[in-house]
Amino acid sequence: MLNIENLHARVEEKAILKGLSLEVRAGEVHAIMGPNGSGKSTLAGVLAGREAFEVTEGTVTFEGKDLLDLEPEERACEGLFLAFQYPVEIPGVGNTYFLRAALNSIRKYRGQPDLDAAQFMKLVRQKLQHMHMSEELLKRPVNEGFSGGEKKRNEIFQMAVLDPKLAILDETDSGLDIDALKIVSDGVNALRGPDRAIIVITHYQRLLNYIVPDFVHVLVDGRIVKSGGKELALELEDKGYDGIKAELKKQLATA
Amino acid sequence: MKTMSPTVEQSSKKAGLLKAFEVLERQLAGSDTPFLRRLRSAGIARFDQLGFPGTRDEEWRFTPLASLYQQPFSPTVPHQAHDLSAPQHALKLPEAISVVCIDGFMAPSTTPAKLPTGCTILNLQQAMKARPELVESTLGRLVNFENNTFAALNTAFLQDGVVIHLARNCVVEQPIHLTFLESGQGRMSFPRILVIAEQHSQATIIESHQSLGEQADFTVAVSEYALADEARLDHYRVTDINKRSFHFATQHARLARGSNFRSHAFTLGGSLVRNDLFAYLGAENIECTLNGLYTVDGSRLIDNHTTIDHAMPHCSSHEVYKGIIEDKGKGVFNGKIFVRQDAQKTDAKQTNQTLLLSPDATIDTKPQLEIFADDVKCTHGATVGQLDAEMLFYLRSRGLSKTQAQSMLTYAFANDIIGRVECAPLRDILEKRFLVT
Chain A
1 MLNIENLHAR
11 VEEKAILKGL
21 SLEVRAGEVH
31 AIMGPNGSGK
41 STLAGVLAGR
51 EAFEVTEGTV
61 TFEGKDLLDL
71 EPEERACEGL
81 FLAFQYPVEI
91 PGVGNTYFLR
101 AALNSIRKYR
111 GQPDLDAAQF
121 MKLVRQKLQH
131 MHMSEELLKR
141 PVNEGFSGGE
151 KKRNEIFQMA
161 VLDPKLAILD
171 ETDSGLDIDA
181 LKIVSDGVNA
191 LRGPDRAIIV
201 ITHYQRLLNY
211 IVPDFVHVLV
221 DGRIVKSGGK
231 ELALELEDKG
241 YDGIKAELKK
251 QLATA
Chain B
1 MKTMSPTVEQ
11 SSKKAGLLKA
21 FEVLERQLAG
31 SDTPFLRRLR
41 SAGIARFDQL
51 GFPGTRDEEW
61 RFTPLASLYQ
71 QPFSPTVPHQ
81 AHDLSAPQHA
91 LKLPEAISVV
101 CIDGFMAPST
111 TPAKLPTGCT
121 ILNLQQAMKA
131 RPELVESTLG
141 RLVNFENNTF
151 AALNTAFLQD
161 GVVIHLARNC
171 VVEQPIHLTF
181 LESGQGRMSF
191 PRILVIAEQH
201 SQATIIESHQ
211 SLGEQADFTV
221 AVSEYALADE
231 ARLDHYRVTD
241 INKRSFHFAT
251 QHARLARGSN
261 FRSHAFTLGG
271 SLVRNDLFAY
281 LGAENIECTL
291 NGLYTVDGSR
301 LIDNHTTIDH
311 AMPHCSSHEV
321 YKGIIEDKGK
331 GVFNGKIFVR
341 QDAQKTDAKQ
351 TNQTLLLSPD
361 ATIDTKPQLE
371 IFADDVKCTH
381 GATVGQLDAE
391 MLFYLRSRGL
401 SKTQAQSMLT
411 YAFANDIIGR
421 VECAPLRDIL
431 EKRFLVT
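Protein chains in written order, with the working numbering: chain A, 1 to 255; chain B, 1 to 437.
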């Protein structure tokens, strides 16, 4: 589904990603873990099409298409979804209005008919229940006055409504208390399926107790330095990123 | 500033108008009324002294009038006005009490037949006959044309207008919609409104200005609102004229004890629009709200000057003006708030926000607070910015096109003001109008 090869990206003059490669197939859940500054959010931003990042080398193919050639909205229409680390508040734009416009834009791209207000509300009510969100939140402007947990839940709710093929969760766990974390995880798990892939980007192992990944990758200094199964996350929790880095150094020295 | 010698264009435009006045004076409607004749003489004399303002005049620094002088305009006389009829696109409010004025003349056929008890709507001639003492004690008394050449000019050519009288305790539930249609045929017109709201009366007045044709008109409007104790007036002004026209509007509200004046100014059209709005808070416990929203594109200019004069204690004023500027459009905002020495416990808040949608768009914004009392709460703030990049990216990342995302954010900016419109049908019209832009 997603194939990243030798990706290099920079912000202004600073190189952040330095040759990252990753393959994600339908049905898989990948966790990308790394310390601050390792390039986690840059990767999410590059995949979603943030303008601030400049790709200097490498390729990204999504469902056979050159992802880097697409505008952010085209990526969304192709089935990519980014749950933001910091969901932005948009005063004056109603949640419902915005989400229906977004969904219909995606449906139009896919050659599907628009959902009318009634059909849309039916879909929304069903998804709201999953996220333990009240309909009140939908009447408010996008994320405005939402608590941190409400914003993150709103991201997963939007994801459920937009029904992407590939979801990227950028530190969705950060700032959540344990109850909110469970709700968010349940929401994500409900979306797991053979046709969908999920990339979970996180600093901590805690989230992976709830969203159990098929693969774990360790991102250090713009590259994936180690990959493994879900047990790698526990090893990381145990040794810390410094432990992994030291181990790698040792391996390099002996090699 | 008056000592600056005028340019050749200014002088010749002025001379043309003085000549027109001379020729028309005898034919102007209402020439048999001594009161009107005196008022007009005072107006033309003052216009003669003031002439057209130049950009060295502080009040006109950012609003050059050069393009106005290049166009020929002739004042409308009544029979011309009555030949025209309302266009299909005119703003329609089915539930409202409707009055139509064409080039400033109230169309006789549209005079509302049935009005709520206590509410009188007359054209100026009728009002001068029916209630001379009322008209003579207010018309031209509120607006100060000493330093306002356009108010002087309107007064000089004053022939007709709409006079609304609300008797004591009269509450008009339906909005009163004054449709002003300008010919769009290269004419000058001088719309005039006089609202007298007696004690405890209440009304909503919607004033819309639109063009019938596509040619540039030159409109000079004056409105006076006299609110007695505890009266409430919600006033909406929608200026949606063709994009070639020049429009100068002076509004003056005189507010008495406990009265509540809410003004909402929506400016969409015009090659050059200048709005001067004055509110005089001359007693205690007055509430004054001024909301404004405008959009400018092309190389058009919209200028809003407002003055809130707090003369007495315990009054509050809230002002929010927003502008959306595209292309090489230009916006000007000047918001004066005076808090006089006696006006203790004044609560005044002013906000001016501008969205610049292109690199060539400009805004000159100037809040001007002059405070002579010491126990007051006065705040002001001006922000100028572009659409938020992070918000745009967020919307696009959800599948909305760049254009959709931009218009959604622009609309959200505007909706802050549109959302304050209490008249639902008008709000719907404005929502649609600003969504398209």
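Note that these hints are calculated values from the structure, not bench results. Virtual Cβ for every residue (Gly too), placed ideally from N, Cα, C. Please note that a few of the clues may not be correct.
If we take Cβ atoms under 10 Å as the criterion, some of the chain B residues that face chain A in the derived model are [to be verified]:
| id | residue |
| --- | --- |
| 1 | E95 |
| 2 | P116 |
| 3 | A389 |
| 4 | S397 |
| 5 | A412 |
Here are the computed lysine-lysine pairs in the BS3-like style, where the Cα-Cα straight-line distance is at most 30 Å [to be verified]:
| id | chain 1 | residue 1 | chain 2 | residue 2 |
| --- | --- | --- | --- | --- |
| 6 | B | K349 | A | K65 |
| 7 | A | K14 | B | K432 |
| 8 | A | K139 | B | K402 |
| 9 | A | K65 | A | K14 |
| 10 | A | K139 | B | K349 |
| 11 | A | K122 | B | K432 |
Taking the hints in turn, this is what the structure says about them:
| no. | hint | in the structure |
| --- | --- | --- |
| 1 | E95 | 25 Å, violated |
| 2 | P116 | 36 Å, violated |
| 3 | A389 | 8 Å, holds |
| 4 | S397 | 5 Å, holds |
| 5 | A412 | 3 Å, holds |
| 6 | B:K349 x A:K65 | 54 Å, violated |
| 7 | A:K14 x B:K432 | 46 Å, violated |
| 8 | A:K139 x B:K402 | 24 Å, holds |
| 9 | A:K65 x A:K14 | 28 Å, holds |
| 10 | A:K139 x B:K349 | 28 Å, holds |
| 11 | A:K122 x B:K432 | 27 Å, holds |
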